[in-house]
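There are 2 protein chains.
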Amino acid sequence: MNLEEMGSRALVASRVLASAGTAKKNMALEYIADALIESAGSILSANEEDVKAAKNAGTRASMIDRLTLTEERIKGIADGVRKVALLEDPVGKSDGGWQRPNGLKIQKVRVPLGVIGIIYEARPNVTVDAAALCLKSGNACLLRGGRDALRSNLELARIMRKAIAKAGLPEDCVQVLEDTSHETAQKMMKLNKYIDVLIPRGGRGLIRSVVENSTVPVIETGAGNCHVYVDESADIDMAVNIIFNAKTSRPSVCNAAETLLVHKNIAREFLPRAKEMLDKKHVELRGDELTREILGNSVVPATEEDWETEYNDYILAVKTVSSTDEAIAHINKYGTRHSEAIVTDSFANSQKFLREVDAAAVYVNASTRFTDGNEFGFGAEIGISTQKLHARGPMGLDELTTVKYQIIGSGQVR
Amino acid sequence: MNLEEMGSRALVASRVLASAGTAKKNMALEYIADALIESAGSILSANEEDVKAAKNAGTRASMIDRLTLTEERIKGIADGVRKVALLEDPVGKSDGGWQRPNGLKIQKVRVPLGVIGIIYEARPNVTVDAAALCLKSGNACLLRGGRDALRSNLELARIMRKAIAKAGLPEDCVQVLEDTSHETAQKMMKLNKYIDVLIPRGGRGLIRSVVENSTVPVIETGAGNCHVYVDESADIDMAVNIIFNAKTSRPSVCNAAETLLVHKNIAREFLPRAKEMLDKKHVELRGDELTREILGNSVVPATEEDWETEYNDYILAVKTVSSTDEAIAHINKYGTRHSEAIVTDSFANSQKFLREVDAAAVYVNASTRFTDGNEFGFGAEIGISTQKLHARGPMGLDELTTVKYQIIGSGQVR
Chain A
1 MNLEEMGSRA
11 LVASRVLASA
21 GTAKKNMALE
31 YIADALIESA
41 GSILSANEED
51 VKAAKNAGTR
61 ASMIDRLTLT
71 EERIKGIADG
81 VRKVALLEDP
91 VGKSDGGWQR
101 PNGLKIQKVR
111 VPLGVIGIIY
121 EARPNVTVDA
131 AALCLKSGNA
141 CLLRGGRDAL
151 RSNLELARIM
161 RKAIAKAGLP
171 EDCVQVLEDT
181 SHETAQKMMK
191 LNKYIDVLIP
201 RGGRGLIRSV
211 VENSTVPVIE
221 TGAGNCHVYV
231 DESADIDMAV
241 NIIFNAKTSR
251 PSVCNAAETL
261 LVHKNIAREF
271 LPRAKEMLDK
281 KHVELRGDEL
291 TREILGNSVV
301 PATEEDWETE
311 YNDYILAVKT
321 VSSTDEAIAH
331 INKYGTRHSE
341 AIVTDSFANS
351 QKFLREVDAA
361 AVYVNASTRF
371 TDGNEFGFGA
381 EIGISTQKLH
391 ARGPMGLDEL
401 TTVKYQIIGS
411 GQVR
Chain B
1 MNLEEMGSRA
11 LVASRVLASA
21 GTAKKNMALE
31 YIADALIESA
41 GSILSANEED
51 VKAAKNAGTR
61 ASMIDRLTLT
71 EERIKGIADG
81 VRKVALLEDP
91 VGKSDGGWQR
101 PNGLKIQKVR
111 VPLGVIGIIY
121 EARPNVTVDA
131 AALCLKSGNA
141 CLLRGGRDAL
151 RSNLELARIM
161 RKAIAKAGLP
171 EDCVQVLEDT
181 SHETAQKMMK
191 LNKYIDVLIP
201 RGGRGLIRSV
211 VENSTVPVIE
221 TGAGNCHVYV
231 DESADIDMAV
241 NIIFNAKTSR
251 PSVCNAAETL
261 LVHKNIAREF
271 LPRAKEMLDK
281 KHVELRGDEL
291 TREILGNSVV
301 PATEEDWETE
311 YNDYILAVKT
321 VSSTDEAIAH
331 INKYGTRHSE
341 AIVTDSFANS
351 QKFLREVDAA
361 AVYVNASTRF
371 TDGNEFGFGA
381 EIGISTQKLH
391 ARGPMGLDEL
401 TTVKYQIIGS
411 GQVR
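Chains as they are written, first to last, in UniProt numbering: chain A, 1 to 414; chain B, 1 to 414.
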């Protein structure tokens with residue numbers, strides 16, 4: 001089936017799904033979870049072929065790991081779907097209502113976006129996560145995963161579509177593109193006629209390409225050049241804990257810290273303590289002059305490029321600053337508006353940081369690693385938006401809806 | 001000054017403006033209003049040059065009228081600015097806050113978008129309206145108006161910048177591009193480094209071009225192929241009033257009706273009455289077969305193209321349908337998701353219409369002409385969004401903000 005035809009089917013399905021009740025959508029999600037467990041065998045054998053092909057193509061081990069499904073992982077995916085069924089349905093919620101002097105009654109009501117396109121990379125679990133979140137929020141989805149996971153994705157889609165139909169909803173609510181060519185992805189980015197929103201999930205290159213080529217509105221996700229700023233009044237134990245956690249608990253993710261900023265007045269006391277902890281995980285430090293004076297020449301000299309880099313690795317840039325203002329200026333210059341933290345005991349500095357740092361999530365005395373739909377209490381997330389339009393920060397079900405004004409009159413004209 | 005430099009200045013100004021208090025922003029708005037009145041002479045003489053040039057270039061009268069400023073119009077513009085000063089400041093409003101089991105306190109706070117780019121056509125009043133709304137909502141703006149109004153726009157900008165500086169805010173909060181070339185507009189659409197959102201205001205061609213070429217996130221405004229559906233249970237007097245108002249009160253605007261849908265069971269009674277009213281304004285009717293059978297051959301036969309066309313003129317397409325479902329299907333196929341109305345006395349049909357019509361504003365028993373920031377009670381509007389992302393329908397000050405999560409901890413790590 002070609003993309004145009006898939007888009008048209010998605011639109012038709014989205015109209016039915018938009019009016020579907022919560023009970024029916026939850027039933028579809030439960031059927032999907034059941035079916036994933038029951039069909040684990042066929043999923044695993046499709047996945048095995050993907051993994052074999054990837055190995056033959058010389059794909060690196062970390063990618064193979066992300067691609068690989070196991071009985072355990074399938075169970076985890078199914079559990080995730082059941083969790084989505086338990087979440088509150090955002091559709092139909094009122095964002096307020098009022099009456100005008102002429103008697104018109106205006107209600108602002110949450111409705112699904114319509115058709116959501118998702119372009120993503122190798123992990124097959126995204127296929128199910130994204131489909132479940134779209135379904136619960138009343139949106140049809142067009143999923144374009146990576147070539148590496150195609151067999152897995154198609155099998156997962158086949159199973160989900162059957163379960164959706166069993167619940168009495170259109171199976172075209174979920175469609176996976178069989179054609180993973182670059183050309184078709186480009187076409188998808190111009191399919192304004194059928195797709196309401198595109199969400200890219202993956203590496204920087206993928207996201208850049210979607211932002212640059214799409215005429216469909218995009219929600220940009222992903223890049224995180226996050227900072228932890230240790231103010232002169234910081235509790236040193238707390239600051240050591242926070243930077244250690246923010247850097248090393250999972251360096252590959254977007255909410256991990258990439259640069260440590262330290263007030264000069266606390267640097268001599270704090271930096272050796274921080275280094276001692278970071279050494280346990282063999283974190284490579286790249287510092288400015290004062291940092292190297294304090295910590296010694298094992299610290300690599302930092303360059304301009306280091307301030308800009310999202311390492312996603314056991315590397316940390318370190319810069320000393322003379323004030324909270326200087327820290328904020330550095331963050332606003334080099335940050336990607338994702339997650340930024342200050343460790344401080346100064347009320348004034350905490351407020352200044354919260355106010356002036358331009359980012360989706362700004363922390364006082366906590367790790368940047370909490371920027372996450374689950375950690376925020378949303379129950380799930382479709383991604384973390386780093387743009388300012390529509391959604392910012394972790395996107396849960398609410399962020400997969402838009403509004404409609406419903407206006408009740410009694411013959412009013414203007 | 002080149003665009004890059006202007007963008008960089010806007011960013012710097014936006015940071016200061018984002019932290020400015022409401023009182024200071026209101027003071028700047030009052031100073032702007034005062035200065036517009038005081039400097040009416042210099043504005044009028046700049047405008048006179050624009051008008052003279054446009055006349056020499058053979059610009060048509062309706063465009064000349066939109067371009068022309070008068071003492072009265074300047075007073076109206078200044079009054080508009082004072083009205084914006086009276087509106088509630090959206091910045092700092094909380095969209096909710098909660099505490100997590102680990103003790104993290106999360107607050108979702110409204111903050112300015114940052115730098116807003118606006119690309120618009122000839123009307124110089126937009127320069128002041130847009131600047132005032134951006135200023136009040138804490139956003140710096142880069143305004144790229146039409147070449148025809150350049151002298152007027154530059155003079156308005158000069159006056160506003162002086163007033164802003166007098167209030168102690170950076171004058172670069174408002175900048176008008178001197179270079180109105182196509183190339184520079186194209187560059188502006190790619191200035192992601194400095195511009196957070198682009199809002200095109202103008203004709204369909206302008207909006208299309210921005211949507212297609214911009215990598216900066218866009219809020220699409222404008223196109224309105226709106227319908228009024230007269231259900232079989234409609235009150236005929238009310239229905240006649242509503243279609244007359246929706247079509248003829250101001251045919252050039254986006255919330256005017258373009259197609260009338262009529263249930264077959266009421267068509268013979270309703271259509272002659274509607275025609276009688278519409279004839280008073282010499283509205284040309286283009287109808288389907290049954291409409292022509294009822295109203296006679298003075299009604300032009302409607303073609304597929306008529307269902308798709310936003311006339312913005314005294315022309316109305318008329319189609320008879322057999323059910324509310326057929327009316328909804330027609331609207332969802334041909335509508336531009338702007339404003340749609342049903343006239344009915346059936347509760348079931350009203351609810352079906354409200355639920356199933358996919359549009360920013362859906363009306364029961366009222367004219368589509370109410371889709372407007374002022375009519376909705378927002379006090380002002382920067383445009384009417386016809387996309388689903390970020391904002392839908394009339395955009396007031398709230399829609400010129402985004403959110404920031406502020407998270408307070410006591411040393412939490414993950």
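Be careful, since some hints might not be right.
Any copy, or any two copies together, can satisfy a pair, since identical chains are not distinguished.
[To be verified] Quick list of in silico lysine-lysine cross-link-like pairs, BS3-like style, CA-CA up to 27 Å:
| id | residue 1 | residue 2 |
| --- | --- | --- |
| 1 | LYS352 | LYS105 |
| 2 | LYS352 | LYS24 |
| 3 | LYS280 | LYS166 |
| 4 | LYS105 | LYS162 |
These aren't lab readings, by the way, just hints derived from the structure by calculation.
Within, between, both or neither: LYS352, LYS105 at alpha-carbon 27 Å: between (41 Å within a copy, 17 Å between copies)
Checking LYS352 and LYS24: alpha-carbon separation at most 27 Å within a copy, between copies, both or neither? between (48 Å within a copy, 18 Å between copies)
Could you figure out if LYS280 and LYS166 sit no more than 27 Å apart (CA to CA) within one copy, between two copies, both or neither? neither (53 Å within a copy, 56 Å between copies)
At most 27 Å between alpha carbons: which applies to LYS105 and LYS162, within, between, both or neither? So LYS105 and LYS162 fail the 27 Å test inside a copy (42 Å) and across (42 Å) alike.
Consistency with the previously given hints fails for numbers 3, 4, ordered from lowest to highest.
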